[in-house]
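A.B. asks: Take a look at the letters that make up each chain.
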Amino acid sequence: MATVNMLFRGKFALITKLIVLSGISAILVLLIESALAKKEYTIALFLAASLAALCYTYLSARTVPMKFFLPGLLLLFAFVVAPIVYTVVMSNYNYKTGNIISKQEAITQIKGLGVEPDANGTTFDIVVGKTSTGEYAILASDSPNHVYFVSTATKKTDLLPSQVTLNADGVATAAPNFTVVPEAQLAGNEDYAKINFAYADKYFVSVQGLNVGAVFRQSLKYNPASDTVVNLIDGKIYKDNGRGNYANVNDSADILQPGWRATNWFANYGKLFSDPLVRGPLFRVFIWTVAFAFLTVLSSFAFGLLLALTLNKPMRGRRFYRGVLVLPYAIPSVMSILIWGGMFDTEFGAINHLLGTHIAWFQNASFARTAVILVNLWLAFPYFYLISSGALQAIPSELLEAAAIDGANPRQIFKKITLPLLMQILTPLLIASFAFNFNNFNLIFLLTGGGPKDLLGGQIAGATDILISYTYQIAFGSNTQDLGLASSISVIIFFIIAGISLYGLRKSKVLETFG
Amino acid sequence: MKKWARTNLWRHVISLGMCAFALFPLYLVILSSFSQTGSLQLTSFAPSAISWRNYKLLFNSPAIPYLTWMKNSLVVAGTVAIVSVIVGGASAFAFSRLKFRGKKLGIQLLLLVQMFPAILAIAAVYVIMERVYRFAPRVGLGTQAGLILVYLGGAMGVNIWLLKGFVDSIPIELDEAAKIDGASPVQTYWLIFVPLATPVLAVVALMSFIGTFNEFILARLFLVDMGNRTIAVGLQAFIAGQYSRNWGPFAAGSILASIPIVIIFLSLQKYIIGGLTAGSVKG
Numbered sequence: 001m002a003t004v005n006m007l008f009r010g011k012f013a014l015i016t017k018l019i020v021l022s023g024i025s026a027i028l029v030l031l032i033e034s035a036l037a038k039k040e041y042t043i044a045l046f047l048a049a050s051l052a053a054l055c056y057t058y059l060s061a062r063t064v065p066m067k068f069f070l071p072g073l074l075l076l077f078a079f080v081v082a083p084i085v086y087t088v089v090m091s092n093y094n095y096k097t098g099n100i101i102s103k104q105e106a107i108t109q110i111k112g113l114g115v116e117p118d119a120n121g122t123t124f125d126i127v128v129g130k131t132s133t134g135e136y137a138i139l140a141s142d143s144p145n146h147v148y149f150v151s152t153a154t155k156k157t158d159l160l161p162s163q164v165t166l167n168a169d170g171v172a173t174a175a176p177n178f179t180v181v182p183e184a185q186l187a188g189n190e191d192y193a194k195i196n197f198a199y200a201d202k203y204f205v206s207v208q209g210l211n212v213g214a215v216f217r218q219s220l221k222y223n224p225a226s227d228t229v230v231n232l233i234d235g236k237i238y239k240d241n242g243r244g245n246y247a248n249v250n251d252s253a254d255i256l257q258p259g260w261r262a263t264n265w266f267a268n269y270g271k272l273f274s275d276p277l278v279r280g281p282l283f284r285v286f287i288w289t290v291a292f293a294f295l296t297v298l299s300s301f302a303f304g305l306l307l308a309l310t311l312n313k314p315m316r317g318r319r320f321y322r323g324v325l326v327l328p329y330a331i332p333s334v335m336s337i338l339i340w341g342g343m344f345d346t347e348f349g350a351i352n353h354l355l356g357t358h359i360a361w362f363q364n365a366s367f368a369r370t371a372v373i374l375v376n377l378w379l380a381f382p383y384f385y386l387i388s389s390g391a392l393q394a395i396p397s398e399l400l401e402a403a404a405i406d407g408a409n410p411r412q413i414f415k416k417i418t419l420p421l422l423m424q425i426l427t428p429l430l431i432a433s434f435a436f437n438f439n440n441f442n443l444i445f446l447l448t449g450g451g452p453k454d455l456l457g458g459q460i461a462g463a464t465d466i467l468i469s470y471t472y473q474i475a476f477g478s479n480t481q482d483l484g485l486a487s488s489i490s491v492i493i494f495f496i497i498a499g500i501s502l503y504g505l506r507k508s509k510v511l512e513t514f515g
Numbered sequence: 001m002k003k004w005a006r007t008n009l010w011r012h013v014i015s016l017g018m019c020a021f022a023l024f025p026l027y028l029v030i031l032s033s034f035s036q037t038g039s040l041q042l043t044s045f046a047p048s049a050i051s052w053r054n055y056k057l058l059f060n061s062p063a064i065p066y067l068t069w070m071k072n073s074l075v076v077a078g079t080v081a082i083v084s085v086i087v088g089g090a091s092a093f094a095f096s097r098l099k100f101r102g103k104k105l106g107i108q109l110l111l112l113v114q115m116f117p118a119i120l121a122i123a124a125v126y127v128i129m130e131r132v133y134r135f136a137p138r139v140g141l142g143t144q145a146g147l148i149l150v151y152l153g154g155a156m157g158v159n160i161w162l163l164k165g166f167v168d169s170i171p172i173e174l175d176e177a178a179k180i181d182g183a184s185p186v187q188t189y190w191l192i193f194v195p196l197a198t199p200v201l202a203v204v205a206l207m208s209f210i211g212t213f214n215e216f217i218l219a220r221l222f223l224v225d226m227g228n229r230t231i232a233v234g235l236q237a238f239i240a241g242q243y244s245r246n247w248g249p250f251a252a253g254s255i256l257a258s259i260p261i262v263i264i265f266l267s268l269q270k271y272i273i274g275g276l277t278a279g280s281v282k283g
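Chains as they are written, first to last, in my numbering: chain A, 1 to 515; chain B, 1 to 283.
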């Protein structure tokens, strides 16, 4: 015992603890530093709080329960609680394709995009070099017109044809006060490509490759004092519209791209109920989600219970049957769902072959829905068989014997005693299963992909899409990835699932054991 | 004879019918894995010729890094299984055995958190991990390390809840005796609880393993590189798009990947069913 105790008390234990703790702290400090460098303040704050909590908990003698909890708590917080909170936050944001970045990044991009070529699309043959002061410069040639100049970011110096050395194509290759930088040195160095070389008035030359420069002018100008963007060409003024875009003050539909993510309190929720393009599909998807979850639980439970009753009494081959019947439940469902997908294939699928038909199962809403329920029956009936036979065994046999003595026939016994008791035991599990299937993403995504849907018609929701797969489509699947809208649906599903689960828990009386 | 028929015949008919339903896709997959053609076709119920071509493809074709996928799955699922049980076991022990303020509230919050399907917050997880990637490319989006962390967080709720149920069933007299002998809670945990609970911890670890092995959508979102993928993501991408062609190797790959999972499942059946029903049949 003495040697074992050494692991927990004394110098050895202390040193080990300190080494592990300082290792973890070092990693956390590094992460905090780099998070701060990238201005991810929330994440840095969380990491710093974790660091403080770790050091306090494991260096103090007073925090015994915390010593057991902390690692689990931190993981739970970082990857479950924080995403839930963040989902709620995102649901109040205009956060979609075109409004993904921060406002600062958006302004930088607008400045970068706000250039346009001059009316003639003037280009020059250029050579990149440096002036005697080490500044980047270009030596530009318009050989047909014999125009040559050297230009830096600030100054353009016109040159006479006699001042430059021309090559066979009439392109200037050397000029006074200009040193050519060899192309080998330019490769991998993009600094020169970002410079606007002086040309005339509002126009500048931008490098478009190693040997070509084109004339552009700034068309959009950001004014930090008034937080507006001005179009220098037509004089239009764009103001922050409060929803993540600069919009024309005279025409709110005329907005500049890209926008940025901005709060739009409850607008996403409003959209769910008011925007006909969202409301219609959402309602249809919701109805199918409930119908699917209900039908799949009902059918799988019916078959599972039938089997449990069939195999409840000893009979020859019972062990064999049991072994075979749980197989669908044991096989990784990702694989079996994909296999079923192949079996429903129109041309080569085994189902059509077996039935002698030529049905395009996933092209027709009713067939696709039937297939979804059939596949889920295959996946789920073993589970219901297992829990039903467990519940059957839990019913005290005295009750059944007493009823038999009182003269009840088997049918009466089943209807009046077995079934009610069974339902009492299984109801919480059926509710839990309903909640699970409500969010059975894998089945829908892997079997039908939510289809059939009219992709060309821009439809996002398909006939077999359930809420969660529809949400996924909105967030990641379609051309416009709308994380804000998707999050608002997620929040609503949260509440539905919480409601169902709490109802199930009350039925199962788990809460009472510590209530 | 007549009585046997009346009481037992229908039972065999139903059982055999359901067995046929259960086995049909499995038989088809086995058949396809040995066939020369690449589709899930049912040309005949008996194999015409047995070909090992599909199995060989898995291990030889450079287009299918099957062994890498398998290794990735084992690494990800194995790490999640072991770490989540170590971390979750400690929390479960504290919930079950230690006295502290806010315990009841803690258990209720845990119950609430473990009800939420992780997939609902998937967009948020994506955005958060994308941001993490910007300053820590080794644990952010696109990495197995990041995926493992997300899985661990997701596994915590359920695992603590399950393990708490198991810990509750270990007689409290044992650790009370240790306490009288002067053991600290940390010593009680390592010297009394962990040895006693090893079989239970192993079962929960294996269940986590199966669950993680089977996880698809987060893995698909995280693991974009071919060489980074888990078996579920790899095989799915392999048949997506090019429908009838790759079914042969897919069938062979699915069978090989399923065998260990089915073995684990069948040997743990009793505990898994117990775990499934734990918490609800109590009342």
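No lab work stands behind these hints: they were computed from the structure. Don't take each hint at face value.
[As the list claims (entries may be wrong)] Per label pair, the in silico range of CB-to-CB distance:
hint, chain 1, residue 1, chain 2, residue 2, range
1, A, Asn250, B, Glu130, 31 to 39 Å
2, B, Leu23, A, Leu419, 52 to 60 Å
3, A, Arg316, B, Leu23, 31 to 39 Å
4, B, Asp181, A, Val88, 15 to 23 Å
5, A, Ile15, B, Leu23, 55 to 63 Å
6, A, Glu183, B, Tyr133, 52 to 60 Å
[Stated by the list, open to error] Capping the alpha-carbon separation at 27 Å, the derived lysine-lysine pairs in DSSO-like fashion look like this:
hint, chain 1, residue 1, chain 2, residue 2
7, B, Lys179, A, Lys507
8, A, Lys111, A, Lys11
9, A, Lys38, A, Lys103
10, A, Lys507, B, Lys270
All values derive from a computational prediction rather than experimental measurement. All C-beta atoms, glycine included, are put in the ideal place defined by N, C-alpha and C.
A.B. asks: Now look at each hint and say whether the structure bears it out.
C.D. replies: Against the structure, the hints:
no.: 1; hint: A:Asn250 x B:Glu130: 31 to 39 Å; result: 37 Å, holds
no.: 2; hint: B:Leu23 x A:Leu419: 52 to 60 Å; result: 30 Å, violated
no.: 3; hint: A:Arg316 x B:Leu23: 31 to 39 Å; result: 19 Å, violated
no.: 4; hint: B:Asp181 x A:Val88: 15 to 23 Å; result: 49 Å, violated
no.: 5; hint: A:Ile15 x B:Leu23: 55 to 63 Å; result: 59 Å, holds
no.: 6; hint: A:Glu183 x B:Tyr133: 52 to 60 Å; result: 34 Å, violated
no.: 7; hint: B:Lys179 x A:Lys507; result: 38 Å, violated
no.: 8; hint: A:Lys111 x A:Lys11; result: 62 Å, violated
no.: 9; hint: A:Lys38 x A:Lys103; result: 15 Å, holds
no.: 10; hint: A:Lys507 x B:Lys270; result: 25 Å, holds
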